[in-house]
Amino acid sequence: MSGNSLYGPLDPAPDAGYVDAPARMGFFTDTSICIGCKACEVACKEWNGIPDDGFNLLGMSYDNTGSLNANTWRHVAFIEQPVPEKTDIRWLMSSDVCKHCTHAACLDVCPTGALFRTEFGTVVVQEDVCNGCGYCIPACPYGVIDQRKDDGRAWKCTMCYDRIGSGLMPACATACPTQSIQYGPLDELRERAEHRVDALHATGVSEARLYGNDPNDGVGGDGAFFLLLDEPEVYGLPPDPVVTTRDLPKMWRKAGLAALAMGAAVVAAFVGGTR
Amino acid sequence: MTTVSRRGGDRVMVPEAEFRSYYGRPIVREPTWKHDIPAYLFTGGLAAGSALLAVGGDATGRPALRRAGRLAAVGALGASAYFLVNDLGRPQRFHHMLRVAKPTSPMSMGTWILTGFGTAAGVAAAGELAGYLPRRGVLGVASRVLPPAGRLGGIAAAGLAPALATYTAVLLADTALPSWHEAYPQLPFVFAGSALASGAGIGLIAAPTAQAGPARRMAMAGALLELAGAHRVETRLGLLSEPYRTGRAGRLLRTGRALTAAGVAGALLGRRSRVLSALSGAALLAASVATRFGIFAAGVASARDPKYTVVPQRARRDGATAPPLQPCADM
Chain A
1 MSGNSLYGPL
11 DPAPDAGYVD
21 APARMGFFTD
31 TSICIGCKAC
41 EVACKEWNGI
51 PDDGFNLLGM
61 SYDNTGSLNA
71 NTWRHVAFIE
81 QPVPEKTDIR
91 WLMSSDVCKH
101 CTHAACLDVC
111 PTGALFRTEF
121 GTVVVQEDVC
131 NGCGYCIPAC
141 PYGVIDQRKD
151 DGRAWKCTMC
161 YDRIGSGLMP
171 ACATACPTQS
181 IQYGPLDELR
191 ERAEHRVDAL
201 HATGVSEARL
211 YGNDPNDGVG
221 GDGAFFLLLD
231 EPEVYGLPPD
241 PVVTTRDLPK
251 MWRKAGLAAL
261 AMGAAVVAAF
271 VGGTR
Chain B
1 MTTVSRRGGD
11 RVMVPEAEFR
21 SYYGRPIVRE
31 PTWKHDIPAY
41 LFTGGLAAGS
51 ALLAVGGDAT
61 GRPALRRAGR
71 LAAVGALGAS
81 AYFLVNDLGR
91 PQRFHHMLRV
101 AKPTSPMSMG
111 TWILTGFGTA
121 AGVAAAGELA
131 GYLPRRGVLG
141 VASRVLPPAG
151 RLGGIAAAGL
161 APALATYTAV
171 LLADTALPSW
181 HEAYPQLPFV
191 FAGSALASGA
201 GIGLIAAPTA
211 QAGPARRMAM
221 AGALLELAGA
231 HRVETRLGLL
241 SEPYRTGRAG
251 RLLRTGRALT
261 AAGVAGALLG
271 RRSRVLSALS
281 GAALLAASVA
291 TRFGIFAAGV
301 ASARDPKYTV
311 VPQRARRDGA
321 TAPPLQPCAD
331 M
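Chain order of the listed sequences is A and B. For the first sequence, the positions run 1 to 275 when the numbering used here is used. For the second sequence, the positions run 1 to 331 when the numbering used here is used.
Worth flagging that the hints you see were computed from the coordinates, not collected in a lab. By construction, the Cβ of each residue, glycine as well, lies at the ideal position given by its N, Cα and C atoms. Careful, some of the hints might be misleading.
Stated by the list, open to error - For each label pair, taking beta carbons as the anchor points, the in silico distance ranges come out as:
(1) Asp318(B) / Thr178(A): 30 to 38 Å
(2) Asn86(B) / Asp128(A): 30 to 38 Å
(3) Gly61(B) / Asp150(A): 53 to 61 Å
Said to hold, decoys possible - Using 27 Å as the maximum straight-line C-alpha spacing, the simulated DSS-like pairs for lysine-lysine come out as follows:
(4) Lys250(A) / Lys102(B)
(5) Lys149(A) / Lys34(B)
(6) Lys102(B) / Lys34(B)
(7) Lys86(A) / Lys250(A)
Stated by the list, open to error - Take a look, some chain B residues computed to stay more than 10 Å from chain A by CB distance:
(8) Ile27
(9) Val100
(10) Thr119
(11) Leu129
(12) Leu139
(13) Val145
(14) Ala156
(15) Ala195
(16) Arg217
(17) Val275
(18) Ala278
(19) Ala282
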């Protein structure tokens with residue numbers, strides 16, 4: 001394990017031991033052109049054979065899915081915001097997905113090796129290995145991975161590992177009618193996204209900002225990043241996620257100190273008294 | 001406005017935090033772990049504390065402490081194994097835990113610590129069987145081999161016990177649940193103290209007062225570590241201390257503190273009373289249960305309300321990068 005494997009900018013596939021890994025692949029989800037059609041949700045379910053979530057009315061605008069979970073690997077958020085100057089509302093629609101972090105806490109904490117890094121730099125669960133320990137679930141800073149109740153194992157987006165290995169695009173990106181979901185080499189997507197933000201700023205959309213594109217952020221940059229039109233938390237995204245394992249060396253040191261204190265207390269208890 | 005801007009918490013003990021969220025829904029996901037996991041936090045700590053009590057009893061010629069500690073360690077270990085396997089989504093795949101050894105996964109490290117400890121504690125407990133075996137034949141050989149083997153097993157178990165008692169704190173802290181993660185400097189001390197106090201509780205229950213002196217001192221040391229650590233968790237984490245003081249977690253932790261205080265007081269006052277000592281030991285065990293369930297509940301509470309994710313992260317981000325982004329401009 002190299003010195004910076006837990007934090008900072010990194011190319012994850014070579015770091016995981018791949019020799020001559022292909023380019024890191026990713027998603028750029030441009031929410032400024034999302035029309036909320038949910039074709040991505042449907043295509044994902046169909047391709048990956050994911051069971052339904054129940055058919056609930058959540059009373060949250062047009063969002064009856066609620067959040068990413070074991071059975072929803074693309075989730076379209078709907079936010080209706082009043083725009084006072086126009087006595088009107090504006091729509092924010094955004095298709096959320098697993099971020100395929102450079103430093104993936106789910107993968108770091110997985111005790112069975114079920115979660116692994118693919119040659120494309122993505123993060124995938126091996127369903128024949130996962131024993132449903134559930135550790136990845138609270139470890140994810142985005143609340144993405146989840147346990148399927150009747151199955152017991154953890155499930156999440158694979159970035160269609162079976163499709164991209166054959167040169168196809170993931171199902172969601174293929175189905176997206178507006179190219180809000182773009183799939184490709186991460187370097188190219190990051191460049192394209194910068195141009196898109198500049199173009200939006202030039203046309204007066206000053207609130208456009210990228211989320212998850214920075215390799216210097218708390219997770220080393222996301223493999224799936226976003227163009228947002230409001231603060232991340234408005235979309236249900238954490239404003240400044242940090243991979244929990246960044247602090248793991250410090251945690252082990254504190255535990256070591258506590259363990260020493262424990263040993264010392266026992267020695268003192270047995271030698272330090274008259275009876 | 002559907003993007004809720006709301007004030008969090010019904011019993012607010014820190015300045016109210018303005019924040020926005022997606023319909024008030026959680027951002028990080030609460031664990032799917034059932035009651036098995038906080039129960040294991042207790043039994044794992046009890047196994048560790050008991051093994052330390054046993055090795056001390058063995059080394060200083062207090063057979064009652066040795067025997068009680070060894071048997072409690074192996075019993076608590078069996079309960080731990082049950083809880084851990086029972087909580088898995090696929091219990092029949094429990095052995096997949098042994099596929100890898102991963103330093104970045106506290107659960108993987110814990111699996112190996114527990115495996116090593118379990119073997120050693122099993123050997124130590126077997127040492128207690130020697131007295132029940134006949135003197136002659138194959139079993140007679142066993143009766144002569146078991147005591148020294150038990151002593152070695154007891155020493156090995158005690159060597160691993162501090163790791164067993166504290167890795168679980170790292171396991172909880174190494175998550176995205178805000179109140180667990182930010183408590184990483186304190187949680188190992190809370191868990192170490194709770195384990196010592198519960199091990200001492202076994203000694204107070206099982207040993208005659210003439211042998212229970214070290215258990216009393218262990219109870220005091222454990223209580224001190226646990227109470228000091230818990231106090232810091234409850235006061236030093238700003239907004240993220242709130243889940244430890246309010247709701248179910250707050251009630252459990254207050255109960256744990258009261259029981260710990262009662263247990264230590266009883267242990268000190270009951271030097272000559274077997275009954276009072278045993279009651280004190282029971283109070284210490286109950287205190288450890290309450291503390292573990294309380295710490296667990298606090299982390300879950302910090303996941304359920306997006307306030308605990310959004311507000312500290314916004315403060316960190318806006319403190320780090322100079323200009324905050326403008327809210328919701330015209331499109």
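To see whether the hints hold, each was checked on the structure:
1. Asp318(B) / Thr178(A): 30 to 38 Å: Holds, since aspartate 318(B) and threonine 178(A) (Cβ atoms, about 32 Å apart) stay within the stated range.
2. Asn86(B) / Asp128(A): 30 to 38 Å: 22 Å, violated
3. Gly61(B) / Asp150(A): 53 to 61 Å: 56 Å, holds
4. Lys250(A) / Lys102(B): 17 Å, holds
5. Lys149(A) / Lys34(B): 13 Å, holds
6. Lys102(B) / Lys34(B): 24 Å, holds
7. Lys86(A) / Lys250(A): The hint is violated at about 52 Å.
8. Ile27: Nearest chain A Cβ is 5 Å from isoleucine 27(B), so the label is violated.
9. Val100: 4 Å, violated
10. Thr119: At about 19 Å from chain A, threonine 119(B) clears the 10 Å cut-off, so the statement holds.
11. Leu129: 25 Å, holds
12. Leu139: Non-interface label stands for leucine 139(B): nearest chain A Cβ at 33 Å, farther than 10 Å.
13. Val145: Non-interface label on valine 145(B) holds, nearest chain A Cβ at 26 Å vs cutoff 10 Å.
14. Ala156: The claim stands: alanine 156(B) keeps its Cβ more than 10 Å from every Cβ of chain A (closest is about 14 Å).
15. Ala195: Its Cβ does come within 10 Å of chain A, the nearest being 7 Å, so this is violated.
16. Arg217: With a cut-off of 10 Å, arginine 217(B) comes too close to chain A, as the shortest Cβ separation is near 4 Å.
17. Val275: Check passes; 19 Å lies beyond 10 Å.
18. Ala278: 18 Å, holds
19. Ala282: 19 Å, holds
The structure fails to meet hints 2, 7, 8, 9, 15, 16 from the earlier list, while all remaining hints are met.
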